[in-house]
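Q: Chain residues, written in single-letter form:
Protein chains: 2
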Amino acid sequence: MFKAEQLAQTLHQLIEQGVWKPHQKLPSLREQAQTSGYSLMTVLNAYQELEARGLVFAREKSGYYVADQNMQPTALDRIEDSTLQSNIQMNSFVFDYLKSIQPTNILPFGSAFPNTALLHQPKLLQIVAQHARRKQSYESSASMPPGLLTLQQIIARRYSLQGIATEPQDIVITSGCLDALNLSLQAVAKPGDYILLQQTIFYGTWQAAERLGLNVITLPEHPEYGFDLEKFEQCLQMYPIKVCWLMLNSHNPIGFSVNDDIKQKIAQLLAHYQVYLIEDDVYQELYFGSKKPLSVKYFDQDHRVLHCSSFSKTLGAGFRVGWVHHRKLSNQIQHLQLMSTIAVSPLLQHALVDFLSTHHYEKHLRSLRLQLERHKKLFYRYLKQHLPEECDVYYYPSGYFIWIKLPKHIDSTQLYQTLLTHHIGIAPSQLFTVNRQQQHFIRLNCSFELNDQTQHSLATIIQTITHPS
Amino acid sequence: MFKAEQLAQTLHQLIEQGVWKPHQKLPSLREQAQTSGYSLMTVLNAYQELEARGLVFAREKSGYYVADQNMQPTALDRIEDSTLQSNIQMNSFVFDYLKSIQPTNILPFGSAFPNTALLHQPKLLQIVAQHARRKQSYESSASMPPGLLTLQQIIARRYSLQGIATEPQDIVITSGCLDALNLSLQAVAKPGDYILLQQTIFYGTWQAAERLGLNVITLPEHPEYGFDLEKFEQCLQMYPIKVCWLMLNSHNPIGFSVNDDIKQKIAQLLAHYQVYLIEDDVYQELYFGSKKPLSVKYFDQDHRVLHCSSFSKTLGAGFRVGWVHHRKLSNQIQHLQLMSTIAVSPLLQHALVDFLSTHHYEKHLRSLRLQLERHKKLFYRYLKQHLPEECDVYYYPSGYFIWIKLPKHIDSTQLYQTLLTHHIGIAPSQLFTVNRQQQHFIRLNCSFELNDQTQHSLATIIQTITHPS
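Protein chains in written order, with UniProt numbering: chain X, 1 to 469; chain L, 1 to 469.
No wet-lab data here; the hints were simulated from the structure. Only true hints are included.
When chains are identical, the list treats them as one kind, so a pair holds in a single copy or across two.
Derived SDA-like pairs: lysine to any residue, alpha-carbon spacing no greater than 20 Å straight-line:
{"no.": "1", "residue 1": "Lys99", "residue 2": "Gln169"}
{"no.": "2", "residue 1": "Lys190", "residue 2": "Leu212"}
{"no.": "3", "residue 1": "Lys99", "residue 2": "Thr150"}
{"no.": "4", "residue 1": "Lys328", "residue 2": "Asp96"}
{"no.": "5", "residue 1": "Lys190", "residue 2": "Glu210"}
{"no.": "6", "residue 1": "Lys25", "residue 2": "Gln385"}
{"no.": "7", "residue 1": "Lys99", "residue 2": "Arg327"}
{"no.": "8", "residue 1": "Lys328", "residue 2": "Gln301"}
Build the full structure now, drawing on both the sequences and the hints.
A: As structure tokens, this is what we get:
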């Protein structure tokens, strides 16, 4: 076994140094044995070790191939221009969709939440139980905006550690990220105002625009960088935009993260054009690798950014505790909160404080990221191997969504409905865009174990795409 | 002691039969001893027993008086007419107020929540702890509108038991009653619509009207019945009212409950004028005596009533789980919910189901009612004895608020600010009405033990009223 590890290490370096390129076929077992002088069994063990490390993948009856590591992502579609959308009507479709994938017998590839098996922390639940047992009065401070002071402090410290100077009073605790986003939007926009959104974006964003009766300017994705700075500035020049709402890390549904240079330039443009940004950073903790991505908030000298996030994507929907970070608008947001959602359960806030005060959360995040990366890679490889060539499979190293472009003749909403009859949920692009040219994409939740059941379901999805009835 | 009990029983009957009337002075100890032939000590013991039963009260250096039992409530002020209010601005004052009474060193006579010592059910908390310990997945159904089916079923059953035929799907679970009320209002009214409100009402109602930009018609209280049917119909005739928002049981802040005949007539008028009613019935369980009051919903043949309530006033703000009951609008309310608060913590919903499925809740309610009645009566007697005569103290047999009319020259907002410096919170009428003629009322939360500390604070309030600085 020692020899196998040695060989694996050598090959690992070849791949890392780029000598062997992604999708390149590895020498056959026999060739490799001959070249290296190792036994066939040793070579097989080495290849399997590389596969376990996620560096290579096996294709049936064909051999081993180098996996995409720093995958140069497939370029996104270039949609020519930004457009004005005045009468958004997304909510009813979203509502029916969410109801349809709700039954427990529907495989949750369409869900927006990560696999709960990865989230249910025994330690956290133990703390909740302890708090519930204590007969303390949790009524006073935590049940009013801005929420529990000790929780504000802990969140502020996490920002400060990333280099964003933050005071506890800059943080308003909310009922999840969507509440933070909605309150932020209400704080800066009123019916009829102009808002800039990414052309493809999480349905909650569309619903918020619909609810407030906003005029929406859509910004197409940049094929390479995800975010098109040039078009962004054009929009700021052309339209009386009051506020933007952007997702730049682990974008939902596509998955890309925008690089830090672009974020810095966005911050500069916001300051220059005096436009607010609602930054939806709910997936900020779900990066793969060692470096947490920055946010536009990091570059926000001019207090234009309302930075929103939550614990619900790392601890589960049962911990729908979010927050918004903005010094000057904190009071206004609390005023709005007092007229609507008021506060998160004090019990959950107190339990969270205990959990976050220790290293439990960091430990949980590390393990969550590793597991998500493993699942996502296995899903990606399976899809890449079995989907017809005309499909594009977009893999980015963060989060748990994979975005797939189907052949243009396939209507993804119809596909979703067909798959429902097989008890499989997928998220069609109609949930994420109002652009009629983009109805052939789907988002898959890849946070699940690739076992017989899930693999069989993926096979059904692929089969239905390949041979639409 | 047996003799004393016998005498107490005899006198108890005299009071019950109305031979001795409320506020009538009892014979002095000496007179009673002479008449009855009992010893002075026996008479004293009997009087003390009656006092403990809440039937008589002692006035210093004066003797014993019969307490108001079926108190004929003091007539409310007659404010002449309904008025149109187009630009409600209540939220900022409410916000500052709630912040000001939040510190734990402020005595919570101004709070809207009952004394948490009466609410923290060991049994309920034990169930929460059990649920938290189980590593179940609570993510799926309970985290989407309309909430957990088993909770809908239990609430529906409670309605049916009161004679209101209800299906589980008529119930939408919300984040507390205020969320239910706000969602209901959004479901039936849009900015600029006309809404009818009681002239004196819970600030959340004003905030909701402010938030939606509604035109508010205020309906003055009926001096005797609390609700003025005649003026109500006049308003429905005069204004294009889309929806009413009323509180008819254990009205906050005044405390009255409207009788069932009036509720029935309200239902008829709603049907006739095709107007919706948002019925805030959050205190429905806090009646004293044996009969639960009905609601307008009970008489609602025409589906005009959105009936809203919650567990937060019986189980605490930590259990901010409410609901709205309306068959036809259920789907629309869920759509709105999906764009805002989404759902209550599944953990709390599951724990509630377990708690409500047993007799724990009924037992808790019975004990809560008895304790609230005891506290409220003791507060009332103390206030009645010590407040200057020109103050009216409104006592009604439900809930835990006492509404006090001060002499007209006293500004209750100033009084509240002065008392804050003594670390005492009270709720001034500015929180409940936009009528400038009514700034000399206060609401006291009387759900606390009348001990040395609370009595001393009441004395400070009375002192400040009697000798304003």
